[in-house]
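**Q** Turn these sequences into a full structure, and let the hints steer you where they fit.
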Amino acid sequence: MTTETVPSPVARAQASPVISLRGLTKDFPLGGLFARRSVRALDGVALDVRRGEIMALVGESGSGKSTIVRCLARLEKPTAGSMVVDGEDVLKTQPRHATRAYRGTVQMVFQDPFGSLNPVHPVSHFLERALRLHGVTRGQEETRAALDELMTTVGLSPELLSSYPHELSGGQRQRVAIARALAVEPKVVLADEPTSMLDVSVRVGILNLMRRLRDQRGLTILFITHDLASARYVADRTTVMFAGELVESGESLDLMARPSHPYTRLLLSAVPEPNRSTGYDPVERARLRSAVLESSTCPFDGDPDSPCSETEPVRHVVDAVTDHWVRCHRYRPSLEVARRALATDIARGTDAPDQDRGSR
Amino acid sequence: MSTDHTADVPVLEVEGLTVEYVGAHRSVVAVKDVSFRIGAGEVFGLAGESGCGKSTVANALMRLLRDPAVITAGTIRYRGRDVLAMRPEELRAFRWKEVAMVFQSAMSSLNPVMTVGDQMADIFTTHEGLRRGEARRRAAELLELVKIDPSRLRAYPHQLSGGMRQRVVIAMAVALRPGLLIMDEPTTALDVVVQQEIMAQIGELQRELGFSILFITHDMSLMIEISHRMAVMYGGRLVETAPSRELFAHPEHPYTHALINAFPPLTGPRRELTALAEELRLGPIPDLEDRGSGHWVAPTVLATTPGGGA
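Residue numbers (our numbering), protein chains in the order written: chain D, 1 to 360; chain P, 1 to 310.
Any given hint could turn out to be false.
[Stated by the list, open to error] Computed footprint of chain P on chain D, listed as stretches where at least three residues anywhere in the stretch have a Cβ under 8 Å from a Cβ of chain P:
#: 1; region: 191 to 202
#: 2; region: 220 to 233
#: 3; region: 280 to 287
[To be verified] If you want the ones that stay clear, here's a sample from chain P, every Cβ over 10 Å from chain D, calculated:
#: 4; residue: A24
#: 5; residue: V28
#: 6; residue: I71
#: 7; residue: M86
#: 8; residue: V113
#: 9; residue: R177
It should be emphasised that the hints constitute simulated quantities derived from the structure, not laboratory data. Where is the CB? At the ideal position from N, CA and C, for every residue including glycine.
**A** Here's what the structure looks like:
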């Protein structure tokens, strides 16, 4: 369907970014209509996603990873910052909401394949509509061929085109949602937790499909997930988010083998992994928690290129070859937000997420 | 309370449990001939995909099944007592006091318009006939047991984080010192960091109070980490039971193998995994076969049919 050449991994590494975020900030107002309080969901996010790579964005709920996707999909308007997508400075040149042309470049796959497909239409409707609205195909014959090809691409039998969503399993539905996103031949797919509502057995199938789309069609995928193992399995690079900011990023295997930031280590140590001999260590956990919030040391002390800072989110290079960097350990995140994000289970219940206390 | 770990004095014995959903024209067998026992102080895991019948087993143990689900065969014994023969008033005393349950969603287990303290105190006024003041004191102790500040008694469920809510639910479940705690995907809705801390806390409570656990999840990695023994369920039947570490190291049944393989690892080289279920169908299971050392496997043929999907 596409004639785009597939870049080799090396070429991919040198490719220009297809998504480039700088200083992306998003505040959500809290409380009533006239309340002045707000919560900062994103704080100065700078992220590049290269053409033809799968970039995983991992973090816990509330870390802001979905907010990045919603800004990129033009479902939210950023408070500040810039978003360059496929060479275009979106916030400057595009109208407030996404245009059809923008939707032709950036497509989304949502978490819930039960909610994202209208139950009253057969599968063919969703795909045909995308093809027609975006003028991808002309005439019945061409459309029919495109439908068959889309179904085959996502690993479904074209016979299912006449099925209704309720006749499909969760995995099949998510494949239809992916086919719909692919119909307009986008350059970027934003996949927001596309596997988290699926049964374990079909998750790997969707991850394999994402890999295949990257390898065969050169598709760029921003993959939002809270599952580090999935990120490691499918993503070229992984970026870790905490409290609205990026804390570490790098080639996925390297990042997870040599995590530098205490928050990355905290996350990794919490994933159940039968192959690992070390169990849960509350003392180490408490140490990591406090290191995330206020570390007085940084392994990159004396870094001549980027001197440590408590106030600026300086990035230290961990490994230039694997493009692995970490935010300075000394940097103190905006404490209120960070504490709330980390707090959930710091003992003794000082961790009230009473976000709207006294806001009226 | 006994902390004897042998299966000789099982807390729970399930033999040949069969549950059918009975319809007007046909009935569906949701659980077929399931047998297992849980020893005192043991964590027993039941793993499987959605729809395999694991939650139906849990509900059957508590006699919580409603029409059209009917237990059509088998026995359930709790400390030697026949659960299926219990009269309604016996059942009322049995539930919570002997066997308690923790569900996936803490938010829907808690009453949103009552404070946490009132809900916890209710347990003691209802089941132990305590007076209000005394019940509040016990509720405070209970919160401390799961390391939440007693000042939180005045909080409403929505004012607590997801992890705290689930810990409140766990505290309530163990309030009457049950012998068996059934946990149905208790941490699925939580972030991994919170999940691990809650699992550690459950382990601590268990050491302190000595109850047994039936742990239900689809997350094989989590299950292998926390359970002593486990069973894998598929299509309403058990296909393999073994000590968890052994089952992970040497899965004998092809389905178990496939299920373990459905989880990408966090270590080692990146290798291609295969998705299992959409192609795999299970053939008939004639009998369960013993492979020794408490490891048994259903001798079964996996029939592959293209494009299926339950």
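**Q** Checking against the hints above, which ones are violated?
**A** none
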